[in-house]
Every structure is written in C-alpha cells, then in structure tokens.
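Protein chains: 2
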Amino acid sequence: MEATIIAIGDELLLGKTVNNNAAYLSARLAAVGIGTRRQMVVGDRDDEIVAALEAARELAAIAVTTGGLGPTEDDRTLAAVASHLGRELVLHQPTLREIERRFARRGLTMPAVNVGQASVPAGARVLSNPLGTAPGLILEEEGFLLCLLPGVPAEMEYIFEHGFLPYLEKKGYAGERVLEKLLHATGLPESAVAERLAGVEVPAGLHLAFLPQAAQVDLRIWGTASDEGNFAERARPVIEAVRRELGEYIFGEDGTSLEEVVGELLGRRGETVAVAESCTGGLLAKRLTDVPGASAWFLGGVVAYANEAKTSLLGVPEETLVAHGAVSEEVARALAAGARERFGATYALAATGIAGPSGGTAEKPVGMVCLALAGADGVASTTQTFGGGRGWVRRRASQYALEMLRRHLREGER
Amino acid sequence: MEATIIAIGDELLLGKTVNNNAAYLSARLAAVGIGTRRQMVVGDRDDEIVAALEAARELAAIAVTTGGLGPTEDDRTLAAVASHLGRELVLHQPTLREIERRFARRGLTMPAVNVGQASVPAGARVLSNPLGTAPGLILEEEGFLLCLLPGVPAEMEYIFEHGFLPYLEKKGYAGERVLEKLLHATGLPESAVAERLAGVEVPAGLHLAFLPQAAQVDLRIWGTASDEGNFAERARPVIEAVRRELGEYIFGEDGTSLEEVVGELLGRRGETVAVAESCTGGLLAKRLTDVPGASAWFLGGVVAYANEAKTSLLGVPEETLVAHGAVSEEVARALAAGARERFGATYALAATGIAGPSGGTAEKPVGMVCLALAGADGVASTTQTFGGGRGWVRRRASQYALEMLRRHLREGER
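Chains as they are written, first to last, in the working numbering: chain C, 1 to 414; chain V, 415 to 828.
Hints may be right or wrong, so weigh each one.
[Said to hold, decoys possible] Cut-off 27 Å, straight-line C-alpha distance, at most; resulting in silico cross-link-like pairs (DSS-like, lysine-lysine):
#1 V:584 to V:595
#2 V:595 to C:181
#3 V:778 to C:16
#4 V:595 to C:16
If you are wondering where the hints come from, they were derived from the structure by calculation, not from laboratory data.
This structure is a prediction, so every number in the text was calculated from the model and none was measured.
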C-alpha cells in the first residue's frame, strides 16, 4: 500500500517554510506499513491543486494533503478537491456549530468568512480538530482514499493521529511496518565503505542505505516486517556481514554519537579525559560536554590559540614551538602531555593544525592537522589532511581525535 | 520564468530527512525572480526519477534536482537523467582527475566506485564541487534547462551559488528579484520584538517577517524589486523604523553572527579576549574560533569542568568554591578574572551554570547560568535562567556572554 503526500501553500514554494509536514506524514505512514510514493508541493491555486490530485491518483491508492483549509481567500483546497471529485460543497452543520463554539468560548462571534471551513465536499467524513477551526476530511472513492489535513503542524499531527490513523487501521489499509537498524562508521570515506560492503548480500525486502555525515558514514539496514522479532531475524545476517566487513570502523549503533561512545567507555573504566585544542578551538570540549553527565569523565580543556597560552598553560617548551612550529606533531604531543598532567586526567587529546581559509603553506597546507593522544603508556600522534572548508576541517579533526581515543580504549578492553 | 525542484532520496520518502534543500532552492531562485511551480520528492529508483523529470518538463522551463549523485549503487540520478534525455554517460576526464586529486590530498587512492561520479550525460556542463566528489551538472535542451546538484546541503549550496546561479544570470533566466534586508536582534524574546514593531508601517509590496533563532530574532524586510537601488529606497523607512524601535538590541545585519561582530569590534580596537567555561564546555571558544582570522583577537580559553581545574588553571580560590558553590556569580567573576590574567587578554568571558538535564536544585535550577565579563575596569557579572534542553541552555548562555562583551565594546565606542 502506497501514499502520495501533497503539501499546499505559496510559502512553501517561496522557501519561507520548510516542509516538515511531509517528513512527519511519511514517517508515520511508514510506521504502519504505508510507503510514500511521492511528495509534492503546490501553490494556493485551484488548478495547481487539481493537477497534483490527478498526478497523485495515478501514483498511489492513498493521497494526503496538508494546508489550504483555512478561512481566507487563498485557502483553495476544499474548492479544488470538490471540483476534482465532481462533488458539491455542502454545509456540514456539526462542523459549523463546532467552529461557532470555538469563537464563543473566547467570547467572540464567528466571522462570516469561517463558514467556508464548514462547507465540505458532499460525502466527506469529518475528522474533528480540537486545536483549530479547520477540520480534517476523508473522501473515499473506488480505489482512491483522500485525506485533507490542515497545514498547521500541531493540528495536522493531532488529526492524523486521532482521526486518520485509526481509520487506516480500522479499514485495513495498514500493513507491515518499516523497521530499521543503524550502524555508525568512521575512519573510511563513503566510497571505501561501499567497496567493503559491495559483497554483502541483502535479501529481498531489505535495503542497505549509505548516509554520509561529516567524517562519518551511517549504514541503515531497513525493510518492512510484521514485527520487531521478524525484522531482527531477517536483518541479523546483513548486520553481521556489515560488522564483519567494517570491523572496528563501526563505533556505534542506533543514533549514538562518537562522543557518547567515548564517554561510555571512559565511565565504565572509571577513567577521565582532558583536551588541548588549537585549530579545533573548543569543538572537542564542546562535543564531549554535549553528552549529559560528561562531568563524570571529562575534566576540562585548554583552548591554546595563542602560542603564549600553549607555553604558559600547558608547558609546551618554547624551543619546540620555534624548532617545529605550532602545527607539528611535536607540539601536538607536548600539548597532550601538558593537558594530561595539568588536569590530572587518565588521557588527553590534542589538536593543532590549519583550519583555513588562510594560513596554509606548501608544506603545511590548509586542512593539515596534527593530533595526539597522551596516556599512562606514552603519547601517540598522527598528521592528517582534511578536506572541506574551515568548519569541515574542524569537525573532521575533532572526529579523528575522538576516534583515536575510542580505538585505544577498545584495545584496552580486549 | 518558473522552475520545478526534484529532491531524490529514499530518506526523504521515509521521513528520515526533512527537505531543507527544496526550501533553500526555492528561496534562492525567488531571489533572482524565478518562481517555483512545484516541488517533488521521489525515491532512489530510475523509473521514479524519470517520471518526475517528465512531469517537471511539462510544468516549467527549468528543473533542479538534488541528491542521487553519490558513488554508491543507490545513487541513480545520472543514469536516470541520461535515459530521460536519451544521452550516453561519458567519462569526464577533468572531473575524474579532480576526484583522484581529492583522495590523493588525503593520501588515499580513489576507489574504483568513484569513477561513476565522473561519468556524466554527454554534453553536460560540469559545475565543480570543492566540498565533495559529486560535481553539479547543467544539461540544456530546446526550452528545457536541467541542473543536477548533490544532496549534501553544503555541497548543494556551494554549487548553486558559485556555479548555477551565475549561469542563470549570464543566460538571462533571472527576472525581477525578490530582495531582502536582514536585521539580527538578541536580548528580547520574539513576542517582545513583535510588540515593539507592531506600529511599524510596511508599504505595499514589502513584507516584514520574524525569524526566531536560539537567543536571537532575525527580522527580514523583503519584496520584489527591479534592482538593489529601487529596493533599498523603498525599504529604507522600514529598516530605519525597525532600528529605531529595537535600538541596541540589533547587533548586526545580513547574516553576520554575534561572534563575527564581537571579533570585528575587538580587531578594530586592537584588543583581545579569552574565555573560561564550565557549563558551556567549549561552545564559547568554538563560536569565537568559527570566525576566520580569530587568532588576531582570540587568545584562548580554559574549559574548567572539574573544580580542581578551576583552581589550578584559573586560580579560583578553594574558599570561593566552597562558600558559594561552583555555580555562583562569585566563581564566574573569579573565572573571568583568572582567564584574563592567565591569557594576558584585554577581556575575558566566563560562564558557569547547570546545563542539565540533571544537577538542578530548588535554589539553583537547571538552566541557571552565572556569567561574567572581566576587563581593565573590573568585572561585571549576572545570573540568568535559560529555558530549553541542555543544548539550548548552552547556546543561549554563550549568546548572552557574547552580547555582554559586544555591549561593553559598543559603549566604549560612544
């Protein structure tokens, strides 16, 4: 069973409003086994709405519209639907009384313009809207189920959940649900992940999707299933194959962030971390403290942007800065060792590099970052060059540093 | 001149991703006088993409697609477009070399799978993508202009702004533009801003929109105009009225961030700033170093999450912590004074509070944050309670701290 979603409103076509309604409806329909064949957005014009309805009818057995049910002249959905279905607009007395009551409750008399909201295509089933004046409507024809919802998100969601969804289930439109498993990988570009997973067999009815993030690739194994157990059983071999091919590149699943995984590993071991940041400028500390309860394992950090700060606060030797420059593995190592000692932490991470857009040289280009991890057993360091603009370089450098620590903690667990 | 926008991706039809790209493209096209006739979203399937292209061709002279240009099997756009236009996919050598260079710069060899991204429909004009491997493409036929953009927002936006938009203007597709002026306010809730601006007269053809952000309200004055001069002339009285009503609450215009304004003021005066952060956990430093060239006026910061760090790195007296607790104006003032002295900065900002979700008490609830600004003429401090979750509290606290410094710098300029 499939559906088409039609969002109606000039403000969407002007780009003033993002179409969150369509994402909401697609997600909720998928949850009851109804896939979305296509989403459309059209303006507040009868002919545009009718054209979209005709297209929708060709594509799927169910169509859901949002918007254009208000009382004003530019609310065209009811008129357009009536003409598309060749039905009269008839006054729905209960709805009219409900709208009048809404105004009465606020001590107002209903403006004449609102009568239009109670004039619905003949034969419509009315879904009440306690949050506003525009009711939802269900119109059913041979092989075509049409639901009209208001554009105000709260009203749209209420009527969908309490009116349309129960109707779909009662009438047997609901089918198998779309379930998913997420695996998060870092340390490999999307194409390398794809190559490693090229041989993974995905049984019919399941899908394997690649979702690239900044310095991270999410793998989504999804498909329709009668229930969680049935999905888990069918998805297990795919999940195992993906885990086998990517091994340690997978750091987490089902929405956990790399910083959450690092924090969880540290907490479990009763260990702590501190950071020393130059080019990442606080992003590493910010990401670690994004995790609620970080104070249990995050002691703090120094953003040593100026060289004086590197020396005075973290004890980086003047000579090291002069001999190798602020962007060097030697300085990264000294920053990490200094932060570990100053904060009395089990581990310290350090990043120094050239985030750009300027400041690059032939031998130290924009995007080059030196990273170090200090622990009881010494200091490890590496130099990486990251692509993208200033923001991406900083994001990727922080991701790489966190992954250095996660790998180290994981090895400690073996 | 009208356009149709086709977003391609199962994620959108599953409701996993909101179609922000369509809103961005519609807004930017409107800005050059090109209206959006319809937005469509289809899945990662050749036949679905072809069907959408056929529909788009019927609707408007311009079509823009986003997504499906990646290197993996579920990236179908190039193949679908080639079959729709009846063109061969041919290897575009410069693009292939560019992709190879991207991998080489990171010391990687290009996986074979990426070759596909360099195979473009014959006759395509290639729009380079410095942020990723998927280039943008322009395909022109009699009366039909088709532009293919990647789905990753940053890459889509870059190629649109630097590749497609200039092409539209050069080829004369651009018409009467929608122009706008943005004013950024902070320190007042949206409702208070609306109240102050209730009396502002907006002439016909112009609009005044309120765009609430985290701890910030953007005012957009917009309308269609033949050129900048014509728009500026009509918008001036509205802009002046808004500035008059909001005064110092307006910190910038046309997309400048509060951290950029602060950096610009510091740079102009040859002054510097350092930060001492507890609850904001590096966000203040991160925001300041988001600004390119921050090293000219940002010296660094300490994220003193653990109390020991507050004492050892910033010299907050043990007694102050014991007497007033870590979340107190006394500690915020000591943190700011300590950071100013340690970094030798003209100013230092400090934030200590309870970001939540836990850790709140009756007298120090979640969201309570103590902020301080240290300068040559002493230390100013305040206690604020911010709403929203952990992320919002941190964001709002950093905004409030930056605004404290901006106000101080502005007073110094009077």
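Checked against the structure, which of the hints given earlier come out wrong?
2 and 3
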